[in-house]
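K.L.:
Taken in sequence, the protein lines are chains A and B.
When we follow our numbering, the leftmost residue of the first sequence carries the number 1, and every step to the right adds one.
When we follow our numbering, the leftmost residue of the second sequence carries the number 1, and every step to the right adds one.
Careful, some of the hints might be misleading.
Subject to a maximum C-alpha distance of 30 Å in a straight line, what follows is the list of computed DSSO-like cross-link-like pairs (lysine-lysine) [to be verified]:
#: 1; chain 1: A; residue 1: K198; chain 2: A; residue 2: K172
#: 2; chain 1: A; residue 1: K317; chain 2: A; residue 2: K266
#: 3; chain 1: B; residue 1: K172; chain 2: B; residue 2: K41
#: 4; chain 1: A; residue 1: K8; chain 2: A; residue 2: K36
#: 5; chain 1: B; residue 1: K266; chain 2: A; residue 2: K266
#: 6; chain 1: B; residue 1: K8; chain 2: A; residue 2: K8
Coverage of chain A stretches by chain B, computed from C-beta distances (three or more under 8 Å per stretch; other residues unrestricted) [to be verified]:
#: 7; segment: 45-51
#: 8; segment: 61-74
To be clear, the hints were calculated from the coordinates, so they are not data collected in a lab.
Quick caveat, the model's predicted, so the values are computed rather than measured.
The beta-carbon is built from N, C-alpha and C at its ideal position, and this holds for glycine as well.
There are 2 protein chains.
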Amino acid sequence: MSQTASIKDVATHAQVAVGTVSNVLNYPDRVSQRTKERVLKSIAELGFVRNDAARQLRAGQSRTIGLIVLDVGNPFFSSVARAAEDAATALGSVVLVGDSGQDSSREAHYMDLFQEQRVQGLLISPVGDVGERIDTLRERGVPTVLVDELADTDRCSSVSVDDQEGGYLAAKHLLDLGRRRLAFVGTPSIRQVASRLKGAQRAVAEVSGASVEVLDSAGQTVLAGRQVGNSLVERAPERRPEAVFCSNDLLALGVMQSLTMLRTVKIPEDIALIGYDDIDFAISAVVPLSSIRQPTEALGRTAIELLAEEQDNGGTKHRAVVFTPELVVRQSTAGAPN
Amino acid sequence: MSQTASIKDVATHAQVAVGTVSNVLNYPDRVSQRTKERVLKSIAELGFVRNDAARQLRAGQSRTIGLIVLDVGNPFFSSVARAAEDAATALGSVVLVGDSGQDSSREAHYMDLFQEQRVQGLLISPVGDVGERIDTLRERGVPTVLVDELADTDRCSSVSVDDQEGGYLAAKHLLDLGRRRLAFVGTPSIRQVASRLKGAQRAVAEVSGASVEVLDSAGQTVLAGRQVGNSLVERAPERRPEAVFCSNDLLALGVMQSLTMLRTVKIPEDIALIGYDDIDFAISAVVPLSSIRQPTEALGRTAIELLAEEQDNGGTKHRAVVFTPELVVRQSTAGAPN
DNA sequence: ACTCGTCTTTGAATCGTTTCATTTGTTACG
DNA sequence: CGTAACAAATGAAACGATTCAAAGACGAGT
């Protein structure tokens, strides 16, 4: 009994046909009570475990959904992934997570892998331009849903968050506090960041006398944020912005660390500070950080739903769902509005 | 063309036998240049993609390795996972990651799933007692390696880090700074935490006049750390410990936040602070945090290596590899030793 | 022309499951 | 007693790749 028993072994042991064993597993109602018991007993005795490869081969498709993210270490993506997994589990599917690490060759590798696995569908937060590959996938009957990226609905479905709106919300909030000289910290070369900046600029344009200065950070990490923060501390007080909007929470936490460490600048009195993503760490920062919350669970859940839709309609109809981000006010931007 | 082509379709299209197509894919040297080219051309034209299920069925085993972790959100585990993935990729395997979320029913679910997939082996950071299940797996020819948990080498292999040594290192370092009244923050109900505490107590026992107070935290999060920190601030200064050792970095960061926010206690002058894990965030904390580094990449890599060993020797020989943690000194414990 | 050896190619058998048209068994009713 | 109606069980065919014994092609040597 060292190696795994097959359905045939079970059939022999229980003295029934293989089809009957299969029925016990898949359509218990078609089998009489007596036989069912006998088969189940044999299964237990032989320690039989279904061979998924054989199942899939016969079925022509796996019960697996591929998910390719830019960075599993990023709380935003791990949260989306978890939600997707939960939603998939409810549908009897499993999610395989691949981490592209923003590298398009790794991305391609996972796409190939998932195709060989005959996944039910693919959720992807693309690194570069994957339009053509997605066309190919569609032709081969693999529905694809873009995650955190707006899709051309002729091509495929997508779930994303309105980054421009998020940027607008953040800047508007700072302006409502009476702040006029704003600073935006981030790397606008990233599409999502550029949109957030654009939204912020729109809000600023609506208020006369308001301005926003762009501080291009070297990356989106805590460390990059501290560098920006240090440069702010070095400025003459009157040249410092009255409010800072960072394109993600890690940056904001870095800026906060610089400012609070030097103790010359108070948050929020001297500089109001807001981040983006509302990661778990934001609430427990030295000064609890205001942020723009993205509905990560909804993203993950909806991605799976859209995939299911595509499977139903044969991948002919696509839909782009855009969520609205939400302002979360905490101490780092506390203060009476003007 | 809409659905995926099979090897048979390729054979027909290229006017060769199926076996030849298979050889082109698996043993290119056996095939003549001319035929190879023709087959490859057909593959490209038909957009043929190998069906992994069929391969696995024939092979009897998949090229997949299952990894079950306690929490993918935890940087420690995501780092181990990444290292394991890289090592597995080099061997031509793929790692499937399952998140048990410290829930033994989810853990069991993934174990079942991985068995159905006929994984090459299983890496697991167990929630509860999985000894029996591992015995079953071994009987069925699925080698298992415990991760971050010492194994009985009669049963299976394991990779872990000497937690007691780590605790000893941390406490010793604090004592070397001249601090005598130490506090340990953590939840000793967790095995790893208990070992770290034990190590700390051993170090304390070696120094006359030294003591360590145990502060049981409600969890291992930043928030839990802040609660402990607040309770320290509320104490009369002379009743505060001179040094604090937290069983993980998140806790330490929480403690740090409380202490620095209140500004009555200075780190490291009044209280020296050290954490555990050396997560990326530690270096960029308000006061850069000293910590005990665990060799996460080595853990992941070695886990895969041990699995390969077990596959070679048929799962008969097991080995327990124990790594030694490393002290990383930063500003939070700076100061001349006595 | 024939044989031997080497290099290619062939195609049937196999892996373990699901499916489904058939067969077998049972009960009810005229 | 015959048979219709239904339930349960059967087992061969299929899924798509790999394997391997056998056949085929070709050139060299005699």
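K.L.:
Determine for every hint whether it applies to the structure shown.
P.N.:
Cross-check of the supplied hints:
This hinted pair checks out: K198(A) and K172(A) have alpha carbons roughly 12 Å apart, not beyond 30 Å. About 53 Å separates the Cα atoms of K317(A) and K266(A), which puts this hinted pair outside 30 Å; it is violated. With a C-alpha separation of about 67 Å, the suggested pair K172(B) and K41(B) falls outside the 30 Å cut-off, and the hint is violated. Under the criterion of a C-alpha separation no larger than 30 Å, the hint pairing K8(A) with K36(A) is consistent with the structure, at around 16 Å.
With a C-alpha separation of about 19 Å, the suggested pair K266(B) and K266(A) falls inside the 30 Å cut-off, and the hint holds. Between K8(B) and K8(A) the CA atoms are separated by roughly 27 Å; this keeps the pair inside 30 Å, and the hint holds. For the segment 45-51 of chain A, the assignment as covered by chain B holds, since 4 residues bring a beta-carbon within under 8 Å of that chain's beta-carbons and 3 suffice. For a cut-off of 8 Å, the count of residues in the segment 61-74 of chain A with a CB near a CB of chain B stands at 3, and the three-residue condition holds.
Of the numbered hints stated above, those contradicted by the structure are hints 2, 3, listed in ascending order.
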